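Please dock the two separately framed chains into a single complex, following the hints provided.
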Amino acid sequence: MNVIEVKNLKKIYNSSEVKVNALNGIDLTIEQGEFTAIVGPSGSGKTTFLNMLGGLDSPTEGEIAIGGTDIQHLSSSELIDFRLRNIGFVFQAYNLIPVLTAIENVEFIMQMQGVSKPERLQRAKELLTQVGLGDRVNSRPSKLSGGQQQRVAVARALASKPKFVLADEPTANLDSKSTENLLDIMEELNRKENITFIFSTHDQRVVNKARRVITLEDGKIISDVQK
Amino acid sequence: MTTNMRLAWRNIWRNKRRTLITVASIFFGVLLSTFMTSMQEGTYSKMIDNVVGFYSGYIQVHHPEYWENKTIDYTFTPNDSLEQALKNNPSITSYVQRLESFTLMSYKTSTKGAALIGIDPEKENKMSNLSHWIEKGSYLKPGDDGIILAVNLAKNLGVDVGDTLVLISQGYHGATAAALFPVRGILKFPAPTMNSLGGYIDIQHAQNFFSVPGKYTSLVLMVNDYGKVNQIKHRLKAELGKQFEIMTWDEMDPVTKNMIDADRSGAYITKGILYTLVGFGIFGTIIMMMAERRKEMGIMVAIGMQKSRLSKILFYETTLLGFVGVLAGFAVSLPLVLYLVYHPIPITGEAAKAYEQFGFEAAMFFSAQWFVFARQLLIIFIITLTVYIYPLVKTLNLKLIKALHS
Ligand SMILES: Nc1ncnc2c1ncn2[C@@H]1O[C@H](COP(=O)(O)OP(=O)(O)O)[C@@H](O)[C@H]1O
Ligand SMILES: [Mg+2]
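From first to last, the protein sequence lines are chains A and B. As numbered in the numbering used here, the first sequence has no gaps in its residue numbers, which increase by one up to the final residue, 227. As numbered in the numbering used here, the second sequence has no gaps in its residue numbers, which increase by one up to the final residue, 406.
These aren't lab readings, by the way, just hints derived from the structure by calculation. All figures in this text were calculated on a predicted structure; none of them were measured in a lab.
Pairs of lysine to aspartate or glutamate, EDC-like flavour, derived with a Cα cap of 16 Å:
#, chain 1, residue 1, chain 2, residue 2
1, B, K141, B, D120
2, B, K402, B, E292
3, B, K394, B, E296
4, B, K70, B, D253
5, B, K399, A, D57
6, A, K163, A, D81
7, A, K209, A, E188
8, B, K402, A, D57
9, B, K307, A, E78
10, A, K7, A, D27
11, B, K307, A, D81
12, A, K161, A, E126
Just chain B, with the same shape it has in the complex (with noise of 0.2 Å):
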């Protein structure tokens, strides 16, 4: 340790009392502060893998005008050149081929609207794990001429596992697209959302169904690293030109996206007003120990003692006191996070219908991602580094003469 470090250190336990306070101050915003952000983002992973886990893959690859229209008139064939720059980008783990649209599906007297997309039964549950949601019945094989229902989808049309229903759709160019799919499977989501949606058919009978044979309308795209998809998606765009559209999870549900967004910025404004006052709590202390300690610097000075020197003495007795009180908080909340990530705490009666309603397990979910902790010690830093500019000015202008007579 040096002889600097040694002293600010003595010096920030001169006054015990008052330094276990601001270190109290500093340890609870840090905790509330590291707990809040760590529930965002883990609700925040858990809202994004819903979407993407079991639908949108983080990226996906369509015809240049298929998402503004998504009819299955813009669907399109791989080409070589495409294959390519998906087999030579490391990021990108796996991907899938689907086709869909929008269909009428009709058993007895009911009939309701609901998306058909149509599958590659094995690569989709490697990706997925789709068939770890069947709850009755059973999964798609290859080459499957049934379909699986999603809960919901089927209760409304009153059908189960080995009732046929009857499919409507328009195909390509306007051809009439009908059939009947013998129900295969019930699939029920986590996500309730999900139950809603549609059924999954092979996609080789969607291409014959729709009169695409060969096309479909999009690619999804899994990468290993959720941080790297927008750099992933200029690569491609780089190397695919207008060929192809590419979009990232967050523009095709920009619902999810804004939700997300706009959940941050409240979190900020609470988390601002929580370390405003942690700041002002470090800042009280600075200004009573540096009036406290005028006499004494004034002597420092007197003997010899360079003012730069004491403003370093002064600068680590600040970030000290931030950092003690970092620490401490750490030590509460990193088990405390981890704890949680691993068990998260359930939500039970009217609350948890509530979280169903919108989609959501009915849970709250932790992250303990580095970021997470690695802010609030960037906070804490950035405020001591402001509460320091107070003794920095004051020691680089200390009047000796005052000093010593005060």
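Chain A extracted, bound-state conformation (with noise of 0.2 Å):
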């Protein structure tokens, strides 16, 4: 099943003087169960890709169809409310909501979709547990890691049930260590969960775990490789 339809898509920028073609006619389909990661030089476009695939801005051409919805057509509130159902998010840094605990971020999405107290605690802990911080979730963001908050981020994105998740630069900010840790946690539950995964990168060690590998150039796809 194809969670992500992606036909010609192109983003121009005209903020400045110069228009910059972000995006150059991307198509693309990502289906469920995918581990994937998206590449790059810096300016490629993996953000902007990301971006519209997750709902956060619109391309200047093209279309972009969720779980088969086609998401240009959503006004701006209803696509804030299609993110919150659909898909999961994970930042590069600064991802959490500082004056809440591990496990009320994780929480308020579910709150806010409308789960029920004690359900919400009880998946909360689950998802601390599985990215192996159950025994932190009364910390505030400041008393964690930049690897420990990334993981609570996995978790709070993993909360609201999405159809996938959307990492841009996840390991950014992180050292090798908490790199490679915060990918294993991913990979296991993208293999035991079968959670969709699509994370942008520069780092090699990132890019061997990846399963699919799209190489983005001046906002094209020179690249898709399965392995």
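So, in structure tokens, the structure goes:
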């Protein structure tokens, strides 16, 4: 089953004097259960592409269908709700709400979805245990290391039971041990629970863990390799 | 506590120092403004009490042309409809009849012009506690044929208790009025202007003196709620039509009323400046907070929080900030003001003399009426609402990608 279908996706930034063709006609299909890395040099369009897939920004041209829904046609508030119910996000850093504890951060997204208190408490605990933070549930983000924060972010992304998780350079701010640890957790979740992960990176060790590697250059896919 | 509220509460304490400074500025604003308002209202109500309690009452009923002419020719006899109207209005607690006019008072070689006020000694005493101010001699007995005089007038005339005054005036339609009245007592009021005003005699003797048996110049009404004065006036007017003139204390004493109004406007400006400063303090804090949290807000919206909910959290943050400040302000101002209501600050020395010259007791009075406090709460709430426009606009127009990249 196709989770994401992208057709002829283009993004042109007009903001400065020079027009930037950040994405130059991308066609792509992503299936349930993929563990896919988007790679490419800095400025190749990785972030722009992930933002489009996540419904955070709108394309200049082309179509994006997520689980069969054309997201261009959603209003801005419908789109927010769509993201809440269908997409998990892990950003590069400062992902978490600093005034909420780890478990509250994970619960929060479920609360927005309307999940009952006991159910979300239980799920949040389970998820935090899965990412190896069962003993840090009551810590605020500032009391956690960068790697631990990213793991909470993964737990939060999964809490909403999304169709896929988008992670834009999730390990960019992590040391190699934390990077490996985070990737192992993501891989395990992918393998055991068939959760779809799409992440961008320029760290070769991260690329090596991916089962599909899509390479961008100047806003175009120059290679798409399944391992 | 809702999640929004909890988030807001924790957010405002993220930068403790800044929040404490903001709260402190609101605290001082509220404290100063409460103190000032309380003192103003205390002073005003003292002024009004002086005017109303000792002299005019809250409302007076006159002959339709009395106030303009103020002569004995415009007296009236109360009729049934007037008595019914007064009786049927539960807000009118009591009323007394008076007959007053200008009179020349002579003793030996000195003559002074003064007000002569005919009163029902018992009723008048019940209403304004007139006998309380007798400094020397005694108060009028019912049907008494003597006079009680205000202390400065007595001094100027050189009379004392037991002396007999000669009173000369014009009676009804030009009739000559002249009579002798022995001085029964000397009155000393706390409001010094009252002390030169005149003398009181029994109302029946006054009616005989002015040749207007059964007639009065005014009915003086007391009411149970100062705030209802205008409402009562309008009801009486509606019931009585043009037969009588109905006047409120401020219409009869525009000087006091104008003084209060002028003082109020002056105070509005002072408080306006004070609260503007407080408002900019809050605004500055909110601007900084919004700037610091732009990325975080972007992430919240990215993961699925509606902007409207984000703006709601910011609404709580802004108003909570104000509310904490107001509560802190009340925590100090409420006990302070309550204390001062029961222990007015006495004024001494030269200032005290100035106060007395203008007819005031030499003390600073305070009021703890609910609106003294409610007004501060309302002002801070309005300020925070105004400040809130900024985060409201900012959150609703949040540019997601820009916020995420900030
Ligand atoms: N908001 C923007 N306005 C203008 N140009 C942008 C904006 N965001 C990205 N770009 C440009 O688009 C191109 C792709 O950027 P990006 O997607 O961030 O690449 P990557 O994540 O691979 O480094 C770059 O040339 C970048 O300068
Ligand atoms: Mg990037």
